[in-house]
Every structure is written in C-alpha cells, then in structure tokens.
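Using this note's numbering, you'd call the opening residue of the sequence shown number 1 and step up by one each time.
No lab work stands behind these hints, which were simulated from the structure alone. C-beta: ideal position from N, C-alpha, C; glycine also. There may be inaccurate statements among the hints.
If you anchor each label on the Cβ, the simulated ranges turn out as follows [what the hints assert, rightly or not]:
hint, residue 1, residue 2, range
1, Ser43, Asn196, 19 to 27 Å
2, Thr11, Ser170, 29 to 37 Å
3, Gly168, Phe54, 45 to 53 Å
4, Phe54, His189, 57 to 65 Å
5, Thr172, Asn62, 39 to 47 Å
6, Gly56, Asn5, 43 to 51 Å
7, Phe54, Ser91, 28 to 36 Å
8, Thr11, Val51, 20 to 28 Å
9, Thr34, His189, 26 to 34 Å
10, Pro153, Ser198, 19 to 27 Å
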Amino acid sequence: PPVQNTPPTVTVDQPLNGASFEEGTTVALNGSATDTESGNLSSFILWNSNVDGFLGTGSSLNVNLSVGDHTITASVADTDNASSSSSISISVEEGDDTGAVVPMIYIIEIQKSVKQYGSTKTAVMSNNINFITVIEVRSDTNLNGLKDEDDEPLANTDITILITNSSGQSWTLNGKTDDDGKEEFKLRHVPMDTYNSSILEVSHSEYKSYEPAFGNETVSANYYLK
1 PPVQNTPPTV
11 TVDQPLNGAS
21 FEEGTTVALN
31 GSATDTESGN
41 LSSFILWNSN
51 VDGFLGTGSS
61 LNVNLSVGDH
71 TITASVADTD
81 NASSSSSISI
91 SVEEGDDTGA
101 VVPMIYIIEI
111 QKSVKQYGST
121 KTAVMSNNIN
131 FITVIEVRSD
141 TNLNGLKDED
151 DEPLANTDIT
161 ILITNSSGQS
171 WTLNGKTDDD
181 GKEEFKLRHV
191 PMDTYNSSIL
201 EVSHSEYKSY
211 EPAFGNETVS
221 ANYYLK
C-alpha cells in the first residue's frame, strides 16, 4: 500500500503569545518547522498577520507592525503539499505621554513538591503531608517580547491559585512574590489524593496582568500522593 504522508509541524518560538510592543518597535519573529519525510522546513515558513497581511518567509523575520491586535500565523507545507500552521496573539500599542508601553509579566516556572514527615505509616495514618507550590514570576522589562536573560524577577506581584483534588475539595490561596519573584503556597496535613494547582490570576500595579490563556507558560502542576 502507498505510504501515508505525515503533515509537517510548525511552532512559533518568538515572540511570546500575548506580548505587547510599542508602535515603531521592530518585532522579531522566530519559528521552526519539521517534517517526517522532508526534514527541516524552517526556511519555508510563511508569516502572516490578520492586520497587515503577508509578512515574509523564513525561520527568522524582523517586522514593523501596525497598531492593533495581531494574530500572527506561521504556516508551512511539505513537498506533498500537506500543510500545518501555528498562531499567536500580540498587540502593538500607541505609547502613553512618555512613549512607554506597559511591560508584560509571565510565569517562568511552577515548582512542585510534597514533604512527608515521620514514618510512612505515621504519615499515611495522620495525613501529615505538606503540599507545596512555588511560582516564579518574571517581567519582560526591555519590551522585546522574548524570554531572555534581560528579563527580571518581579517582586510584589499578587498571585491567586486554585488547588483541587479528586475528592472534590478545593482551596483558593493568595500570595505576593518576594524580591526574587517567587511565592510559595502550602497546604498542610492534606489527605492522600491527586492534586492539581492552577493559576487564576497574576497582577501587578505597574504591569500588564498575566493571562493564563496566553498558552506559552506552564499554568498548572499535578501532584500524586500515594
């Protein structure tokens, strides 16, 4: 029988989904594309904006975009004309009186851990377990829409998370990041179960609020206590 062709895969690596840029800023577009049969297709990526139309071709592209909310789509086709695409949403804004754009914030990492005290038998009998979630927040202070070494920890950021387990219990916890951009949430003496920690809201008075719907950041972590 004929071999079935596999469509290529394409990803938008930069900028971050949800990034904001000031009008006139050069926006760097970076993507990658691979295909099982044709190999690396990154140089054939086609870039389009729903506002400005066709932007160019290649794995990397520098563009100036019109003011507005843009859906940037990277698409590619293999030699058998099977195609795939990937999209992100970004915005280009007019600056305020100082010409500044509010920087975006994002979640760099969610660390998960479970601390169990005493012997296994004691812990199981008394449910003496601490469930810990550490969330680290950073800010895109140079307004380039990239996760890079110039990004800085964002202190005094309010975080609200929701923790649920398979037994139907839920907890809503609030916290504020320290100077290292981190906040630790704890549930003490929780029962043996499966836990999920998800972010409800992250906000800062001088930054654009983080939206979990951005899609590029890890926004939940599962814990399995057995």
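Regarding Thr34 and His189, is the given constraint of 26 to 34 Å on their beta-carbon distance met? At 48 Å between Cβs, range violated.
Indicate whether the distance between the beta carbons of Phe54 and His189 respects the range 57 to 65 Å. holds (59 Å)
Do the Cβ positions of Thr11 and Val51 conform to the proposed distance bound of 20 to 28 Å? At roughly 22 Å between Cβ atoms, Val51 and Thr11 fall inside 20 to 28 Å, so the hint holds.
Range hint 28 to 36 Å: satisfied by the CB atoms of Phe54 and Ser91? violated (20 Å)
For the hint 45 to 53 Å, verify it against the beta carbon of Gly168 and that of Phe54. holds (51 Å)
Should the hint that Ser43 and Asn196 are 19 to 27 Å apart at their CB atoms be regarded as holding? The hint (19 to 27 Å, Cβ to Cβ) is violated, given that Ser43 and Asn196 are roughly 40 Å apart.
Distance restraint hint 43 to 51 Å, applied to the beta-carbon atoms of Gly56 and Asn5: Between Gly56 and Asn5, where Cβ atoms are some 27 Å apart, the hint is violated.
Within 29 to 37 Å: is that where the Cβ-Cβ distance between Thr11 and Ser170 falls? holds (34 Å)
Mind checking the hinted window 19 to 27 Å against the Cβ distance between Pro153 and Ser198? At roughly 22 Å between Cβ atoms, Ser198 and Pro153 fall inside 19 to 27 Å, so the hint holds.
A range of 39 to 47 Å was offered for this pair. Does it hold for the Cβ distance of Thr172 and Asn62? With Cβ atoms ~43 Å apart, the hint holds.
In the structure shown, a violation is registered for the earlier hints numbered 1, 6, 7 and 9, in ascending order.
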